[in-house]
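Student: Sequence:
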Amino acid sequence: MSSPWFEWCVHRWTLRKSDESQIVNAPQWEADYLLAYWKPQALFYEYLEMVLQFGLVTIFVAAFPLASVFALINNTLEISLDAKKMISQMRRPVAQRVKDIGLWVQHLIQSANFL
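For the sequence shown, this note's numbering begins at 1 and goes up steadily by one.
If you are wondering where the hints come from, they were derived from the structure by calculation, not from laboratory data.
Simulated restraints, written as ranges between beta carbons of each label pair:
hint, residue 1, residue 2, range
1, S80, I101, 16 to 22 Å
2, W13, A62, 44 to 50 Å
3, I87, A62, 35 to 41 Å
With a Cα cut of at most 27 Å, we get these calculated DSSO-like pairs of lysine-lysine:
hint, residue 1, residue 2
4, K85, K99
5, K99, K39
6, K39, K84
7, K39, K85
8, K84, K99
Backbone N, C-alpha and C fix where the C-beta goes; we use that ideal spot for every residue, glycine too.
From just these sequences and the hints, can you work out the full model?
Tutor: Structure (structure tokens):
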């Protein structure tokens, strides 16, 4: 898995190398179309990051009570950085209606009940 930022830089570099004059004068919707494609598995890694953090905070909260405060600070920064990444570097994904977050709920419940 490569970094979305790195993919974005490579994508921009190849576009600039191909024809720089058309990118500068392009309307906003064309510039947005040239952004990196949102991969279907991208949300999996975002959820995985949060579930792992929840599990680690749940396990080690007795040994380090400030872990939940650090997790809150981390999640606040993570939301801001992910929003910036999705707005400025990624093409808008196609919306799909879903009932919930799927199996992630079961994993969170099982890890909370296990401990």
